[in-house]
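Single-letter residue listing:
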Amino acid sequence: MSDVAARELRIVGFLCNWCSYGGADTAGVSRFKQPTDLRIIRVPCSGRVDPLFIVKALLNGADGVLVSGCHPRDCHYTDGNFYARRRLEMLKRLLPFLGIDERRFHYTWISASEGGKWQQTVTDFTKRVHELGPLHAKKEATP
Amino acid sequence: MRVGVFICHCGNNIAGTVDVAKVAEETRKLPGVVYATTYMYTCSEPGQEEIKKAIKNENLDRVVVSACSPRMHELTFRRTVEKAGLNRYFFEMANIREHVSWIGENKELNTNKAIEAVRMAVEKVKQNKPLYSSSFKINKRVLVIGGGVAGMQAALDCADGGLEVLLVEKSPSVGGMMARLDKTFPTIDCSICILGPKMVDVAQHDKIKLYAYSEIDEIKGYVGNYQIKIRKKATYVDWTKCTGCGTCMEKCPSKNSYDHFNFGVAPTRAINIPFPQAIPKKAKIDPDYCRQFVKGKCGVCAKVCPTKAIDYEMQDEVITEEVGAIIVSTGYSLIDIERLPEYGGGRYPDVITGIQYERILNASGPTSGHIVRPSDHVEPKTVVFVACAGSRDKSIGIPYCSNFCCMYIAKQAILTKDHVPDSQSYVFYMDIRSPGKGYDEFTRRAQEEYGVKYIRGRVSRIYPKGNKMIVKGADTLLGTQVEVEADLVVLGTAVISNSDAGHMAEKLHISYDTFGFYVESHPKLRPVETNTSGVFLAGACQGPKDIPASVCQGSAAASKVQALFSKDMLESDPAVAKVNINACVGCLKCVKTCPFQAIKEKELRDGRVVADVIETVCAGCGVCTSTCPCGAIQLQHFTDNQLLAEVNAICLT
Amino acid sequence: MIEREYAYYSGCSLEGTASEYDASMRAVLKELDVNFREPDDWSCCGSTPAHTVNHVFAAALAARNLALVEKIGLNTIITPCPSCMMAFKKAQHGMTKSESFKNEVNELLDEPYECGVESKSALQVMYEDIGLDAVSQRVTHALPGLKVAPYYGCILNRPPEVAKFDDPENPISMDKILLSAGVEVSDFAFKLECCGAAFGVVKREMVNQLTYKVLSMALDSGANCIAVACPLCQQNLDLRQGQVNSTTGSSFNIPILYFTQIIGLTYGLSPKALGMDKLIVSAEQIIRSRVTVEEMKKRTESEAQVKAKKPEKKTVIEEAKPEENE
Amino acid sequence: MADTGFVQKEKLNDFLNELSKDAVVYAPCLEGDTVIFKAFDSGTTLCLDRPANNPPKLVVFPQSETLFSFKYKKDAEDPRKMSVELEANTDFPRAIIFGARPCDAKGFRIYDSVYIDTNTPDPYYKGRREKTMIATLCCSAPSPGCFCVAVGGGPAHREGSDVLITQLEKGYFIEPVTEKGRAILNVPRIEDGEQYAEEAHKRQLESHDLVRNPFAEDGQPKISRALFDLDEFWEHVVSKCLSCGACTYLCPTCYCFNITDEQALNNGERIRSWDGCMFSHFTLEGSGHNPRPTKFKRFKNRVGHKFLYYPEKYNGVIACCGCGRCIRHCPVSVDISEIVSYLRGPRFEFTNEPPESMGTDTNSQEQKQ
Amino acid sequence: MISQRLREAIAGVFSEVDVALAYQQGFDKLHATPCFMTMPEEINKLIWNPLCVHNLTSYLPSLKKKKVAVVVKGCDSRTIVQFMQEGLINRENVVIIGIPCNGVISVNKVLHETNHEPIEDITFGENGEITVKTLKGEKTLLLSDVCPDKCKTCQYPTPIVYDRLVGDPITSDKSPDSVYADIKEFENKTLEERLQYWEQEFDRCIRCYACRNACPMCICQDSCIAETRDPHWISQRATLSEKFMFHMIHALHLAGRCVECGECERACPMGIPVNKLKRKINLDMKELFGYEPGIDPEDKPPLYTFKVDEVTIKEHKI
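Residue numbers (the working numbering), protein chains in the order written: chain A, 1 to 143; chain B, 1 to 653; chain C, 1 to 326; chain D, 1 to 369; chain E, 1 to 318.
Note that these hints are calculated values from the structure, not bench results. These numbers come from a predicted model, not from an experiment. Be a bit skeptical, because a hint or two may be false.
As the list claims (entries may be wrong) - So the derived list for chain B, only partly shown, Cβ under 8 Å to chain C, looks like this:
no. : residue
1   : E342
2   : G345
3   : G346
4   : P349
5   : Y463
6   : K465
The C-beta atom is built at its ideal place from N, Cα and C for all residues, glycine as well.
The shape of chain A in the complex, shown without the other chains:
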């Protein structure tokens, strides 16, 4: 990690192509300033997000994971986010059982027009992850 990056924490974002990735684009087009910690992975649908990706990220170095999809009923694929909602809620409840603060994982629904909501979500979530601090201070280093 470079020196600059030391100020940042690792936040992984999974965004559905149709709504939330567009929402993040909208925020960009509107020049809505945001913290820079988040790294975005584009997926076709929040239903594509296997909860294992989130676990994998959190176990392997991420300090926070954000998943965002289309609003319920608005899924480009009709049902994808309905599946996502159940699976992500299951994970959200499981994380604290494992000893991982569930606040490190957030899932939400943001449409392509909601640039403002995206900005707010990124800002608030980044702030929260910073409040929680790094997750991996004591973890073994995996090359």
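Add chains B, C, D and E to chain A, keeping to what the hints say.
For chains B, C, D and E alone, kept in the frame of chain A given last:
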């Protein structure tokens, strides 16, 4: 692997807050990257040439462009690399504009974020596989849902272009809202006179198959190959026999049926033809009112029908049709007056809606065009129009403008004066919105030539006093309260989406906004397309619009269908799910969760059962991939390994 | 009947100018077997002055009383005065919606309020909890000739997101309650019009105009009495009726009764117990017209017989004229 | 210097702490109700009263180890040029296995033949093995399933051990077996063991006869090739096998491994990790073909390797030390000794019927391979 | 005697099936072991006692094309119901011989009680008392003390689904609230304690996959993504994070499907509480969707379905 990376300055858009040279420098250190450069405008013609040249000179087999959002230019660059001989899926984009340079203020942090974004893209592109589209035949028939003016225009344009059209209309006649209007603004043309010929054209066009009084039960399939189930609702009249003579309607003893066409301005018969110009001009029984259905005996219509067309036992009929594209033109509804209690909420007969007033004004309407008020059938002398009755009102959840009320209120005020020369009209309005051609002049004419009194302010309450309606409101220009004693009050009620708009959207797999209006692909540049390819929008189902705008969209949607059908074959998106039959254990959880029924079970020669994807049906959502426990079904281009490569690029550093 | 127990908050008006509202309210609730207790040491609800100055302070005044209710182990409070009720509902709304607002308010209180009390107007309790059936079961008397304009006033149901009861533009709860007590009501368009509120002191002219409108609309609607649920409305319409007459040249003589007084009359309660003697515009005629339900039945039966005998005479006079307004 | 030593019971922890000073001491420790070999430190609870759930093979043959790490370096001037740097470490710290059982120690001898006594010794194994001293504790009682005496071992067998420890009433009698083992006598806290020698030797013999011997009739197991090569035999005896790796991973003699490369960006490692012949992936070929597609074939290999192939190659030495872990910890109690005992004769004597009559086809009888 | 009646029951259906799954004596007195019977004379080997712990239904999916008779306890029967929900077996190909069960034995608990001495003999009394004979003598234990934890809160002692029932149905006398009491108690620990707990437990894992292979609902088996390179979820490194990840894969793939037979935990040679995570998820599934795996054949596993309006899932605020 030989990856080439092109980092775009985007003028100053990126280079202003990201050190692009540094990004290129760091990118060169990545294994697999043999070439990394920056360019002022990568999407420009010379920028694309640069990529092609580098592919050739450096023998690149993978390309990453780090620039704007892939939603913007992914397709552009895919074509570029394809022209240079690479498979278009050997390409990835790193979004360092919308997601980096435009949202972060610190150049150092932005640069670092951009470097990582490129690293993720490089790691992903190394996992990419070449994917090949397969082509499939298109069924060149088009389904138009909704026979209002937009749908008819679309149907006629498609049919004139030689396409076979199925027009499905849920009410007994085509024509929609426009057929109910008396005159149209700003020309005061007779609405049915200009629409009638179109309706006749629809009926007579040999390429148009009209399903009136029918609804869509189910839509399956994908662009080019849809299977549609159409429910022909029971009319209890055999339309092949019915001549539209109207004898049944004359003799029907049930005289208090609700008249849907006239919005209940006056009752109609239980068996009726909705209006004289109806297409098809056929009778239909309303079983909620028909004595044969309610009381079990009557049979008058059956007795009087000269062609013996009455069939009380008729059942709904479901027909399956196949089409290649769908135009949705399902129109709009109006807010129920009960949601406006301050205006009486429907308790006062002399407070009516604009569309009801249209029917009163209309020569073929229940009052034969004589303006009388519903309570006592007396000609009103003072008529008050209330604009924005529900529109632009957050408190009832309708923050938007209904688009055409200002104009039709002006028109109705003018017509009122025409019909009742000694009348006086008042219009309570918030703003006059008349941005069309000749529109503003029209509203001025209402005020200046017809003496309509425009009062800028909202109405707080309407209540009866004696045989008058008192309209109480504010005049914000004078800063006072005003009370007008009216004989008749006309509400410019808000335009809302149809109550079943959501269900229809779900059948079509298209999205709709909070208000139930369908969402177009792009508000500026793709106004009639939806995000579901093969489904197009026309008319007010996409948002309130007036007749010319609806007609424009109808034609536009038709031209989109023509363009789509100009080819005989369509290319499928190869980014669909694929099953590794060696890994598949045949649990078929993917079959259960696929939103598109695109996965079937298949028995292999050795008797093993595995999942099998119907490539053309698969829409590429990836629900199956996250469902499959053994990673056997992988959404191409978004495989587990591709996403893991990105996760690892972020985490394992 | 309902088993639950309510808290009862009379508030300052009901201890003073509106003591007949308090008396009739308690009497009617007793008839309806409603158990209620008053918290000790209740204080000002905050009313109008407080929230014009400071929302936290206003909520704290309300919350203090609500906390007292919480302390005596109750979760619903009957607040006859709409002003008090709104003060409570607003505090409740603000404190449940925002944790930080709640903390700010509780900072000012000795005993924190945990937001466990719902305030209801007497109308709401009768309409939602007791039920119209129960209201009508107790009726022993009829009030022939009485036609009431139900007057709700401005704040009983508004703003809707705070009040969460009845329609903000066309409320019907009082109509329904009076109807179920066998009382005829008129279709009154000014159910919600402003009575002039507290401006009676500083802008007497304006208030006279407003009350004039309300009174005349009541007459127009065919009513000969107005039912109210707010001490301030009652005051403006009743106390100022003479003033209106003298400034506008009108001659109103419309009794302004609390709806509980009317219900009390139908329950056969004594006019004294209902504080009828406290009204400025006399309700004597209404009281005198009162008959038992049995008596009323006989009357209608005999009328029907008369009608049956001489049908030709009675046919047109369907719209029974309202009682004289003296 | 004395030839034997003795450590008082209450001084054992101190003794181990002394040992830990210049070597990593692996000892059976209690975690919950499980005894596992792990690095001993003050926080661990020693447990010597029963064999550990896992054998100490991980000390010399870790579950996974980095063979070497590699690093890609790009030319600063020309991104097309890339070099790779390799780095391997075969310098291992000194280790002591304390409290191995005689069967465990014998297991290392099986390894040694494969990894050391060949033309191309394995530097990782050899490096660790040479740095490791094995101090074995004699068994005072058998554990469920064990049968060391049937495969040439015993509760006080010395083969493979550097030191033999016998638990007595008051403490531990310590006997060096090899030259390497003599060093233990120099460790502080150890006293002269001579006075305990007699008692210890007596004790060592006591439990020998308590150990079951499934092959008792003629001692050493013999395998009938005829039956061994009969598919139906395997289908019958191992239908219940779940095909998991508990038996191989807990086996002190199973030495199979897998090699994988793991790379993230410029850095990577070549990793050697345990593998087991009970897994289908073990023999899965790149083409997708699997020569041992069923659990029956895989089980046959496991038995064959231990009792046939290995002995054929290494002077008749059976690659099973009889520790019984594969039986004890098998989720469905598959008993390898029972199966081997069936294999003695040319016919399957388990039932009265000849095995041919079972007549089931391979694919369908198959489950959970 | 139940054993005898069981033998008769199996003999009664033997001609209809290709194979019958039951229990026989294992390598010592303390162990029973599954037996696959294809010949009538094998029926005599069959035993029934509290040592018959194994969930024999685990074998069913792999025998999908055969007619199978299988002996099931109450807990095992839930597996069959779950198989039916997920379409993993042909119900008509399975003859279910149900046995109402008062609880089985945890071999580990018995060994713990007897200091891991080899067991010479074990006998079972009428009222749940167990007499264990070792070299060092005899000891009497109570079934309730040495049963697996699942038996202590068992809600379904009588099989939910069966074709023949051997023995009289038993109703559970255990409080339904007790089922997840341990999970709720664990949740009282601090986050740090929980993380530490799992790190210590998972660190022992040797990735032998006994838990996975013993699990009746782990349908992937040889296709398990813990061993594949495509997809490459985890490496073969024996690091804590990889072991942790393996157990997460296991738990999440069982999410809302685990029938809590406890085979994973019983199979683990390293004593890792493998079932705990799955039971935690089950508790959540019950709270969120009112779903309990393996109870109703018509139900759908909650993560393979959805409701458009999920009243129980509240939107999360940051």
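inquiry  = Hint Y463/B vs chain C: min CB-CB distance below 8 Å?
reply    = 3 Å, holds
request  = May I ask you to test the interface hint for P349/B with respect to chain C, counting a Cβ-Cβ separation under 8 Å as satisfied?
outcome  = 13 Å, violated
request  = Have a go at the G345/B hint: is there a Cβ in chain C nearer than 8 Å to its own Cβ?
outcome  = Nearest chain C Cβ about 6 Å off; hint holds.
request  = Tell me if K465/B is really an interface residue toward chain C, meaning its C-beta lies closer than 8 Å to one of theirs.
outcome  = 6 Å, holds
task = Using Cβ atoms only, decide whether E342/B comes closer than 8 Å to chain C, and label the hint accordingly.
result = With a minimum Cβ separation of about 4 Å from chain C (threshold 8 Å), the hint on E342/B holds.
ask   = Was the hint right that G346/B lines chain C, CB cutoff 8 Å?
value = 10 Å, violated
In the structure shown, a violation is registered for the earlier hints numbered 3, 4, in ascending order.
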